[in-house]
Amino acid sequence: MVKVLDGLRGYGLIVGMWFRSTLAYRASFLLTTLGNAITSWLEFAGILIIFSHVDQLGGFSVGEVALMYATASCSLGLADLFLGNMDQLGARVRDGSVDTMLIRPVPLFAQVAADRFVLRRVGRIVQGLLVLGWALAQLRPGWSVLEYALLAGVIVCGAAIFGALWALGGAFQFWAQDAAQVQNSVTYGGNRLLQYPPTIYGTELVRGVTYVVPLAFVNWVPLLRLLDRDDPLGLPGWVDFLSPLVAVVMCALTALLWRVGVRSYRSTGS
Amino acid sequence: MRMSGLYRAVAGSSFRRYATYRVATAAGVFTNTVFGFFMSYTFIALWDQRPGLGGYDQAQALTFVWVGQGLLAATAVMGGGFREELQERIRTGEISIDLYRPVDLQLWWLAVDLGRSAFQLLGRGIVPVVVGGLIFELALPTDPLRWLLFGCALALGLLVAFALNYLVALMAFWLMDGNGLNMVSNLLGMFCSGMVMPLTVFPEGLGTVLQWLPWAALLQVPADVLLGRYAGGGAFAVLLFPLLWAVALLLLGRLVQAAATRRVVVQGG
Chain A
2 MVKVLDGLRG
12 YGLIVGMWFR
22 STLAYRASFL
32 LTTLGNAITS
42 WLEFAGILII
52 FSHVDQLGGF
62 SVGEVALMYA
72 TASCSLGLAD
82 LFLGNMDQLG
92 ARVRDGSVDT
102 MLIRPVPLFA
112 QVAADRFVLR
122 RVGRIVQGLL
132 VLGWALAQLR
142 PGWSVLEYAL
152 LAGVIVCGAA
162 IFGALWALGG
172 AFQFWAQDAA
182 QVQNSVTYGG
192 NRLLQYPPTI
202 YGTELVRGVT
212 YVVPLAFVNW
222 VPLLRLLDRD
232 DPLGLPGWVD
242 FLSPLVAVVM
252 CALTALLWRV
262 GVRSYRSTGS
Chain B
9 MRMSGLYRAV
19 AGSSFRRYAT
29 YRVATAAGVF
39 TNTVFGFFMS
49 YTFIALWDQR
59 PGLGGYDQAQ
69 ALTFVWVGQG
79 LLAATAVMGG
89 GFREELQERI
99 RTGEISIDLY
109 RPVDLQLWWL
119 AVDLGRSAFQ
129 LLGRGIVPVV
139 VGGLIFELAL
149 PTDPLRWLLF
159 GCALALGLLV
169 AFALNYLVAL
179 MAFWLMDGNG
189 LNMVSNLLGM
199 FCSGMVMPLT
209 VFPEGLGTVL
219 QWLPWAALLQ
229 VPADVLLGRY
239 AGGGAFAVLL
249 FPLLWAVALL
259 LLGRLVQAAA
269 TRRVVVQGG
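Residue numbers (this note's numbering), protein chains in the order written: chain A, 2 to 271; chain B, 9 to 277.
Hints in this document: simulated from the structure, not taken from any laboratory.
Okay, the calculated beta carbon distance ranges per label pair:
1) A/267 / B/87: 25 to 33 Å
2) A/234 / B/252: 46 to 54 Å
3) B/130 / A/100: 33 to 41 Å
4) A/97 / B/184: 25 to 33 Å
5) A/260 / B/17: 43 to 51 Å
Beyond 10 Å from chain A on every Cβ pair, some chain B residues (computed):
6) 114
7) 138
8) 145
9) 147
10) 155
11) 163
12) 236
13) 245
14) 257
15) 258
Predicted, not measured: the structure shown is a model, and the values here were computed from it.
In this text, a Cβ means the ideal position worked out from N, Cα and C, and glycines have one as well.
Isolated chain A, as found in the complex:
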């Protein structure tokens, strides 16, 4: 427990340092924050352009698709804010600067997670929440408090699953330093996938992201229950509530692989 608190304290200190350093270039900081907000809006503009031509996509209305977009966006945004720089670990392994990190009195995971922390990523979360509000205003679901709580749970569990995937990709870079792009295909790619309803994709693809890379549990599976829709894979009803369990299993698996990765690290030796 003390170790975890120590790690969090170290994480906080490094985050603070990077935050001050980004503020050194103020014009750039403002532009990046603005850019981050606009990037997220442009993605959503793509969805709105589609719905300017059709009333529904794969049987889902614009409000329902916006709900999928918003939950995926918030989950990815949270994971990206806290762990997004995991994908730069490969560069540090290559130039050997992991050595320096290993001898500092802060857990390596906390250091890598906080490395080059950028606050502007809050932009994506804020934008996701705004779209979430808009989607709920469109849908006007007669939900009880319980269902709203479930929706909040969807975002948190989704963030944990995305975060685990990011850290897993980071751990993988101990072996393959140049493969950072592969992890983008499950994180940013997963985000792109989950913004649209599962009915537009082939069954094989939906199976793959349910059983192999459990992206479907980020938002599809619980949202289909909330929206009273049929599951395209015809899974039993209790599966709809498995997201927390999937998140825990993914995090445990990541913790294990991270340790194996760190142990297999060999310095550059120059």
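Chain A is fixed; fit chain B onto it per the hints.
Just chain B now, with coordinates in the frame of chain A:
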């Protein structure tokens, strides 16, 4: 060494430099292919309901997706080209060494970038399109003339891409840190080139404006040439669009370069 030989050598070594990152290239191809899949399914759902949307049938729309994924790395529309490197040299002051070399700064980086994009066209462009063609029905032409015209449109598009990135990179002389501008530039590139969605599908007014902006030269124009949207003489005439933008933006780049280099102060010592 004659000057033209020098730039050829620079381009060649840039090509070889990118060719050494084999794992990164394979990983990039994988990511482009995955995104191509996701986009294809969205486009199929859309074109199923609205056949002929934006003037494309479904096979043409899917071709647009896969050609776009194939050109993503070559056009460096999301970064990853020379831009970050040049900005870093400006920020650290190493640019002063580049400036007293007996070569032209713009041509040097143009050679570097063309070498890179030539490699990424081969290394990252072909496989996604082939995979896309194996899984989905694409509308790739068999007419060699159309491929030749596509090649010309693409070459001019790459020049426009360089010229835009060069302008963005030079802004580092004033801003020092290029991250913010890079982000805005990637965003404009993705949205205004047609990578997110063909520009003809955009709401009418916006779509028309975007089709006249230089980013259209990166994907919209080459893809339309490949898909045979321009018949006969029109296919040659449309090449004027990227040509004029390339000339204008390269000249603008020289003007900005002249203004920027007057600002450089080298610390003595």
